[in-house]
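Using the sequences provided together with the hints, build the complete structure.
Residue numbers (our numbering), protein chains in the order written: chain A, 28 to 402; chain R, 2 to 334.
These aren't lab readings, by the way, just hints derived from the structure by calculation.
Take every hint as true, because none was put in to throw you off.
Calculated Cβ distances over 10 Å to all of chain A for the following chain R residues: (1) 231; (2) 279; (3) 332.
As a list, the in silico DSSO-like pairs of lysine-lysine whose alpha-carbon atoms are at most 27 Å apart: (4) R:10 with R:203; (5) R:10 with R:189; (6) R:203 with A:391; (7) R:261 with A:391; (8) R:261 with R:330; (9) R:261 with R:326.
Residues from chain A shown here face chain R by an in silico Cβ test under 10 Å; the list is partial: (10) 167; (11) 183; (12) 194.
Beta carbons are placed, not taken as given, at the ideal position from N, Cα and C, and that holds for glycine.
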Amino acid sequence: MTRKKTPKAPPRAEPDAFEASVAAYDDASGSMFQILAPDGTLTRPDLLPPADVQLRLYREMRRARHFDERGWVLYRQGRLGVFPPFGGMEASQCGTAAALTSDDWLFPTYRDTGAALTLGLPIARTLAYWRTSPHGWAMPENLKVLPFYIPIATQYPQAVGAALAEQRQGTRNVAMAFIGDGGSSEGDFHEALNFAGALNAPCVFILQNNGWAISVPTRKQTKATNLSRRAEGYGIPGVRVDGNDVLATWHVTNEAVQRARAGEGPTLIETVTYRIKPHTVADDPSRYRTEEDNAGWAEKDPVERMRRHLMNSGLLTEQSEAELLSEVAAEFEAALQEADSYPDPTPAEILDHVFAEPTPQLRKQRAELLAEVDA
Amino acid sequence: MTATASKTKTMTMVAAINEALDLALANDPAVHIFGEDVGVMGGVFRATDGLQAKYGVDRVFDTPLAEAGIVGMGIGMGLAGLKPVAEIQFAGFLYPALDQILSHLGRFRHRTRSRYHLPMVIRAPYGGGVHTPEQHADSPEAILAHTPGVKVVIPSTPSDAKGLLLSAINDPDPVFFFEAIKLYRSVKEEVPEGDYRVPLGKARVVTQGDDVTVVCYGGMVEVAQKAAEAARTAGIGVEVIDLRTLVPMDTETVLQSVEKTGRVVIVTEAPRTAGFHSEISATIAEEAIEFLRAPIVRVTGFDAPYPPFTAIEDVYRPNPLRVAKAIRKVMAY
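Okay, structure coming up:
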């Protein structure tokens, strides 16, 4: 009896050739929208927003970066739990969230601390969240920001519902939801885009393409090379924007928000950026990516880029920059002190907030739990 | 049981459900109904018949065909102040939405320390006995009952369906409302008119008896009733308890009956292993074992997918004979 030969695998393209073909396709399929080049010069000076907007965007990015940098230190000191860093993605998060008001909805993923801070989530509450304290879980009453979503893509359909509810209640408020390039492989992403289009929901979808779904690079996640084009399949506009250019992310998102408010429906915005840092503070990216992968991204840093521009244009001076940094640092330290003052939860809080009224079963379990911890 | 109206009207369960939805839409502008085919078509079982014409396409609307999208969108609507009432065409089609349900619907209040809550109702026809195609007859209630933060309601009569559905829609927390397909049109009874509520968490004693307690719900109540009637002719007094809601479960009513009878048969059409009947059984064992005169007997479906084979479907789904045999078994122990 002869064994069947295993069919030979088709020849694999050399990685270099593959990369080159991807790059070529990218160029052919539309470049990224950009206002500010990495060296801090303006490629679209005609789209420069007013000075106060520029300074606000810079300030938001500085606040976010400070959180990210201090977060690492606090984690190593055992004063913050595992959290996903976002340093390098400030333009992608702050520029987009800055287009909202406190009447709008924000559905952030676990990596979107910068976006939540920009909408106004207090730093102390954000620290408490990443300390796994209930004080960080109760979102503030004056904001419509949801807790950071851990499951991937589930927030997208929910944003459609919130947007639709605003519309049905006669407001002009919108919902903004975040997702990563990995999340755009989930079914919920596609269902949400389809629902939003079909129902004309005032929704702005931010797809942060940061290159990696933990260890899997975007090129292995999907054969698609321009994720913004996924919008076409659902009959809604898709925009690809330089995710490290805060002027570009703000401009494009602001337009999408205005369109949504005007009843013109949803938009998908792909912000092309990079996760320079590990997936979480507990992750070791040296197992799955090389220095080559990271090459060039430090030079595209969104904060430094905006700083150069503001310095060039005279909106920022060495002195005003120093003042800003010390204000941001002082704000953070005060918030840290506040977060330190939050008491630990008591054991029975495990059973709180399951239903408006505890069921007989929960009441019984509460008595059991209290008897056990008191014993 | 509370009734604000004294008048009644004879109707089927599906008509009672339609009337409850109609009242809910009329009473509260926050109520919105949506799902596949619920608009123009009025639902595959006509539970939403005429509601879109009456309340408009903003209040009663068709969605794209995607269950995760339906539940996920409903969660967002609930967050933003509406009372979403979603229809999932068949309970067996809930599975694509389980991530939304398990990850979010059940735990939103908890994970926001009550900053947000989800007053959402998900209606879904369930169960067998009417020769539906493959995957249309599943009984997934145990999956939901095992999910913290959601309630599970399963009516067995038209008046309960109306009263429980209005309670579910007015409940501040998410409620799954499973409707036995077999019962939609097979039973008619007098249903109170107007805003009529049956509270969640209160079981119904269907028939009283001193010898055996039969615990059941939904489509199995009429099966148990038939078995109880047969037992009565043999001189066995059967107390049939219709749970009405699995979460919260009315443990009190069940235990009181067990203390009286000392014998228990539990009937469901869901698969055997790890079903809600196991929860009922464990609760009785924990709380009332000293009253038991015989081992608890479960009459259930099998640990196999619900059969799409019309000729032998009735072998899977418990029938009065199987229940009667179980009653005889606990009597003979």
